Amino acid sequence: MNPVTPILFRTFVVAVLAFLLYFTSTHIKAISRRVALLTLAYLWGLLWSGLYLAQFTNAGYRIDKVFVLWMLNTFLITGVQTYWWLASKNKQPSWINHMYMVLVFVIFAAIISEADMSFRHLAFLKLNRVFIPIGHVALLTGGGLSITIALIITRRWNTIVERIHPAFPLLLVFACVFLFYPNVTLLTAMVFARIAHDVFHWASVFLLLPDHPYLSNLVWEIIGLLFKKGTGVLIAHGAFAILAATAFGAFYYHRDIPPEELSGPERRLWLAANMRRKRLNMIFLVPVFISIFASLTHYRIKSQAIFDPDPVPVELNKDGRVYIPVKDTGDGSMHKFSVSIDRVKIRFIVLKKPDGKWSVVLDACNICPPQGYAQITGALFCKYCGTPIPLNTVGLPGGCNPVPVEFHISDGFIIVDGKQLKNTWINSTRGK
Amino acid sequence: MKSNEAILTVTGITKIYGNTLALNNVSFLINSGEWVSVMGPSGSGKTTLLGIISGIIKPSSGKVILTGKEITAMNDEELSLIRRQCIGLVFQEYNLIPYLTALENVMMAQYFHSIVDEGEAVEVLHQIGLAERMHHFPAQLSGGEQQRVSIARAIVNRPLLLLADEPTGNLDRTNAQRIMEIFKQLNEELGVTIICATHDEFVASFSHRTLILHDGRLSGERVR
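Just so you know, the sequences run in chain order F and P. The working numbering puts the first residue of the first sequence at 1, with every later residue one more than the last. The working numbering puts the first residue of the second sequence at 1001, with every later residue one more than the last.
No lab work stands behind these hints: they were computed from the structure. Just so it is clear, the structure is predicted and the values come from calculations on it, not from any experiment. Don't take every hint at face value.
Stated by the list, open to error - Here are some chain P residues the structure puts well away from chain F; computed CB gaps all over 12 Å:
{"hint": "1", "residue": "1017"}
{"hint": "2", "residue": "1123"}
{"hint": "3", "residue": "1185"}
{"hint": "4", "residue": "1221"}
Stated by the list, open to error - Chain F is faced by these chain P residues, among others (derived, beta-carbon under 7 Å):
{"hint": "5", "residue": "1078"}
{"hint": "6", "residue": "1080"}
{"hint": "7", "residue": "1084"}
Even glycine gets a Cβ: it sits at the ideal position worked out from N, Cα and C.
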């Protein structure tokens, strides 16, 4: 799988979500135009972010960064919307509204820092040795414009905003986090696993039952499942889906009783408005569930397709050379090794290429920080910049290729000179 | 139920169809709870005037203000909303949906207004004396009964203004009398403002005031 595929996949999902959001909203009676406008405001963040990146960073392929911006813009619009919603409930903004806005901006500032770190790693900025607080500039400009648009919408079409419960757009934002931030998903998975473990453990403690010695291996294996990557992700997604479904149930089946003073057509109008409000909120759950599904699918595809083994530690021989048995490395997959020479820890890759030739290369290139390579179908790819390196070109020097190392094969061993390996590593990773 | 509060203000309405001047600078004011007839011979502009008041026809010039809102400046969406919530329409040809029963025809108006409520629709049909015929299709009803169904449909959403265009045009005197009694009940008991276009003096005699149209001009006014 090409490394661009996950990005394209997510782009496709967002396009489907946008279409569904628009399509669903324009096909529900009496809320069409206004909802479409609100939807456009949400998607506007995406457009703006894309334009910004295309113009200033010349890094269009980093679409995931665009989505980070879009998500933040959406978050801000939701924040303003919630503020307005709370204000409409209380007739005038109360301290709760102000506190809510402070919370929104605190979270916003925290995410800015994260996004800014990501931007600083863009090769374009590093090569030109320019310091631009690009994340801050981008997000503050986008955020400011988003707030302005949100304010215009809330002032002009206040009634529609009042009808949207803030919980539903927020669910959408969280679903997008699942979709675009695999690390957050893993973290959430760990949190769920930890909670499950702690509940069990502390329940035993309170019952004065020492749990560890008395539990069979089988029980521990079952508990251990919670901490496995795949299971944890599934549990995190499942828990979020249950949360969204519960919100749906609680909101949709909550029986709203019209005020007693209303009767006849006025009562029917109240009931119809209430029904429309519920339908409007339900729109947000469609993309929420699609995001969860897409995120799980994405995770599954990714975990199956990428081969990224841990380096196998090897020792330097007395003659100052490293010996790797040929028979262990000829399966067509990359084999990573690590060796420590004069306290310098070096990682290198041994690969039998599809053309039958052998290559020994560093797990680093001359450009990026040495985060190493992983293997996908037909190529290695740089875990830092995502550049794919076709398997048959592994061993060629220059650019994003992994740095080649001199070697020879003798008596069933691939033999690499330790001194030369160390020097090549130091030269390639200096200053990164 | 009449009050001095204006529910409808028509100012300088003119409507031109091609080379034909259908309405020429018509102005009048109607108070809340009033029952006004618009009389005039065929082609005098009665139907055009009712069409403009209901927002179905756009005037060439002039203003119509209903409950403080200028409907001549509204877009289609806003007009639909105000028609659904403020105006009831009764036509000479009844315009009932032939494949729906009397009850379903009434409930259809509820559907477009908000949501349906069968009990409420039955109650309205009961009020106009059609409770026993509510499951009949329009073709199974007499002209008078069909017109009563169309009135039930027009009033089920309790409109502020009922516009009736020749409501008794296809009916005999007995049925016309019955329809007028229903209008009287709506006007006196529920305070519905009625504007009724007719060329029949008998129908006009029930109203508080009669506006007389002639060749698109307001040529006179009679107060009962």
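Now for the hints, and whether the structure bears them out:
1. 1017: 31 Å, holds
2. 1123: 9 Å, violated
3. 1185: 16 Å, holds
4. 1221: Check passes; 33 Å lies beyond 12 Å.
5. 1078: Violated, because the Cβ-Cβ distance from residue 1078/P to chain F comes to roughly 12 Å (cut-off 7 Å).
6. 1080: Because about 9 Å separates residue 1080/P from the closest Cβ in chain F, which is outside the 7 Å limit, the hint is violated.
7. 1084: Violated: closest Cβ of chain F sits about 10 Å from residue 1084/P, beyond 7 Å.
Hint check: violations occur at hints 2, 5, 6 and 7; the rest are consistent with the structure.
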